[in-house]
Amino acid sequence: MPILAAICRQHMHLSWRSGQTVLAVSFLFIAITLLPFGLGPELKLLRALAPGLLWVVLAISLLTSLERLFQADYEDGSLDRLLLVPLAFEAVVLAKLLGHYLALVLPLIASVPLAGLLLNIEAARLPALVAAMLCGSPALVLAGGIGAALAVSVRRGGLLTVLIAMPFYVPVLIFGAAAARVSLETGLETGVAIGPYLGILAALSAASLLLAPFAIAAALRSALR
Amino acid sequence: MLKALENISALYANPTRFMGLAAKLHMPLWALAIGLLAYGLYRVANVPADYQQGETVRIMFVHVPAAWMSLFGYSFIFFASVTALIFRHPLGHVAARAAAPVGAVFTLLALITGSLWGQPMWGTWWVWDARLTSVLVLLFIYLGYIALWQAIDEPIRAARAASILAIVGFINVPIVKFSVDWWNTLHQPASVSRLARPALHADFLYPLLIMGAAFLVLFLAITLTRMQMEVLRQRLRARAGKGGAAHV
Numbered sequence: 001m002p003i004l005a006a007i008c009r010q011h012m013h014l015s016w017r018s019g020q021t022v023l024a025v026s027f028l029f030i031a032i033t034l035l036p037f038g039l040g041p042e043l044k045l046l047r048a049l050a051p052g053l054l055w056v057v058l059a060i061s062l063l064t065s066l067e068r069l070f071q072a073d074y075e076d077g078s079l080d081r082l083l084l085v086p087l088a089f090e091a092v093v094l095a096k097l098l099g100h101y102l103a104l105v106l107p108l109i110a111s112v113p114l115a116g117l118l119l120n121i122e123a124a125r126l127p128a129l130v131a132a133m134l135c136g137s138p139a140l141v142l143a144g145g146i147g148a149a150l151a152v153s154v155r156r157g158g159l160l161t162v163l164i165a166m167p168f169y170v171p172v173l174i175f176g177a178a179a180a181r182v183s184l185e186t187g188l189e190t191g192v193a194i195g196p197y198l199g200i201l202a203a204l205s206a207a208s209l210l211l212a213p214f215a216i217a218a219a220l221r222s223a224l225r
Numbered sequence: 001m002l003k004a005l006e007n008i009s010a011l012y013a014n015p016t017r018f019m020g021l022a023a024k025l026h027m028p029l030w031a032l033a034i035g036l037l038a039y040g041l042y043r044v045a046n047v048p049a050d051y052q053q054g055e056t057v058r059i060m061f062v063h064v065p066a067a068w069m070s071l072f073g074y075s076f077i078f079f080a081s082v083t084a085l086i087f088r089h090p091l092g093h094v095a096a097r098a099a100a101p102v103g104a105v106f107t108l109l110a111l112i113t114g115s116l117w118g119q120p121m122w123g124t125w126w127v128w129d130a131r132l133t134s135v136l137v138l139l140f141i142y143l144g145y146i147a148l149w150q151a152i153d154e155p156i157r158a159a160r161a162a163s164i165l166a167i168v169g170f171i172n173v174p175i176v177k178f179s180v181d182w183w184n185t186l187h188q189p190a191s192v193s194r195l196a197r198p199a200l201h202a203d204f205l206y207p208l209l210i211m212g213a214a215f216l217v218l219f220l221a222i223t224l225t226r227m228q229m230e231v232l233r234q235r236l237r238a239r240a241g242k243g244g245a246a247h248v
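Protein chains in written order, with the working numbering: chain D, 1 to 225; chain L, 1 to 248.
These aren't lab readings, by the way, just hints derived from the structure by calculation. By construction, the Cβ of each residue, glycine as well, lies at the ideal position given by its N, Cα and C atoms.
Here's a subset of chain D near chain L, in silico, CB distances under 7 Å, partners left out:
#1 L150
#2 L160
#3 V170
#4 A219
Sample of chain L residues at the chain D side, in silico, Cβ under 7 Å:
#5 V137
#6 F140
#7 I141
#8 G144
#9 A147
#10 L148
#11 R157
#12 R160
#13 A161
#14 L165
#15 V168
#16 N172
#17 V176
#18 S179
#19 W183
Sequences are here, hints too, so could you generate the full structure?
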């Protein structure tokens with residue numbers, strides 16, 4: 001267990017020190033800033049589209065952050081060392097993903113309310129949106145991890161990672177955006193109304209948690225062989 | 001039954017044996033594919049025009065079998081990858097790799113013909129209909145799979161990575177299908193007036209089934225040819241001494 005905690009902590013340190021966290025959050029805000037140029041500054045329109053746009057921007061920011069998830073370790077040989085850790089490699093992989101989640105994805109989700117205000121979203125909808133993102137984002141990270149692991153030996157594998165991971169993002173985006181939409185329609189009883197959506201998102205995350213570590217570990221092992 | 005299958009598959013695990021069998025099957029398979037396709041197209045040309053859809057109904061005889069093949073192709077890749085990964089059957093990787101672009105082209109064909117049909121019928125080239133959307137996602141799954149094969153130079157590594165993706169992607173297909181169906185019914189109830197699906201008249205059903213069979217045999221013929229090419233390419237590479245010992 002201390003080993004896993006150390007791996008997780010090290011990954012967090014590296015993301016923070018190498019500026020990945022700041023980069024990802026800046027990317028999110030830059031994407032948000034570009035949207036009104038494409039859509040027009042009409043506040044009503046932006047408000048109506050905000051939840052869906054925020055989901056898409058979050059997913060893209062997350063995807064772009066994933067390219068280097070295992071690649072730096074692959075190139076400098078630390079991944080070979082991690083393979084020697086006397087624990088299931090799947091657990092090591094999960095520890096790294098957890099580190100990535102804490103260091104990168106949580107800051108991204110934390111900046112969603114602010115980004116939402118830029119898009120003129122109603123403040124009352126933010127809790128539901130953030131809750132849905134918290135439930136669905138583990139699935140996004142795990143699916144992206146599969147893409148990153150499969151493309152780990154490919155130089156400039158970023159686009160390949162995106163192409164591989166994108167089909168896995170469809171269900172999460174569908175139910176995530178639906179939760180946000182329902183929160184608009186129901187007003188006070190939001191908590192009750194979005195429950196099922198959060199449940200489905202959590203189920204997708206749980207299923208990914210069950211399957212993805214095996215796929216990621218297998219992909220990394222075959223790349224290291 | 002299973003034992004017999006195992007014996008057969010073990011017999012043709014040897015690439016030389018496979019090449020022998022493929023050489024024998026090659027011509028008859030292509031002849032059957034072309035014959036069925038010609039007969040099917042002849043039947044389609046003689047189908048009476050539909051009273052609602054007019055002549056455009058003929059597109060369906062290409063569209064529907066192409067859509068069948070898009071799913072068949074991915075299932076083929078999945079089972080080939082499983083046999084390659086779990087039973088260490090070396091030809092599984094070759095089969096999966098050979099089938100991928102064929103399946104992708106059938107998927108693209110289904111999308112294009114669907115779009116050509118949708119223009120006069122629905123008045124638009126594209127709608128975010130549940131089926132169209134999930135077939136589009138399937139095309140992306142194919143493209144990711146093909147891109148992964150091409151991106152990794154080392155054959156054994158590429159084969160392993162691709163089969164992992166094929167298996168994970170296969171699990172994903174029904175999830176995407178379910179969620180897209182759900183999303184679409186929520187989003188646009190009956191904004192597209194789909195024709196109520198009438199039971200197919202025999203005049204339509206038989207040409208459709210013939211075209212389906214023709215596409216299936218065509219798929220197998222192209223895949224077989226591509227498998228032969230792949231085995232030859234790997235032998236050539238092994239002879240040239242590049243890329244280490246190829247996995248066949």
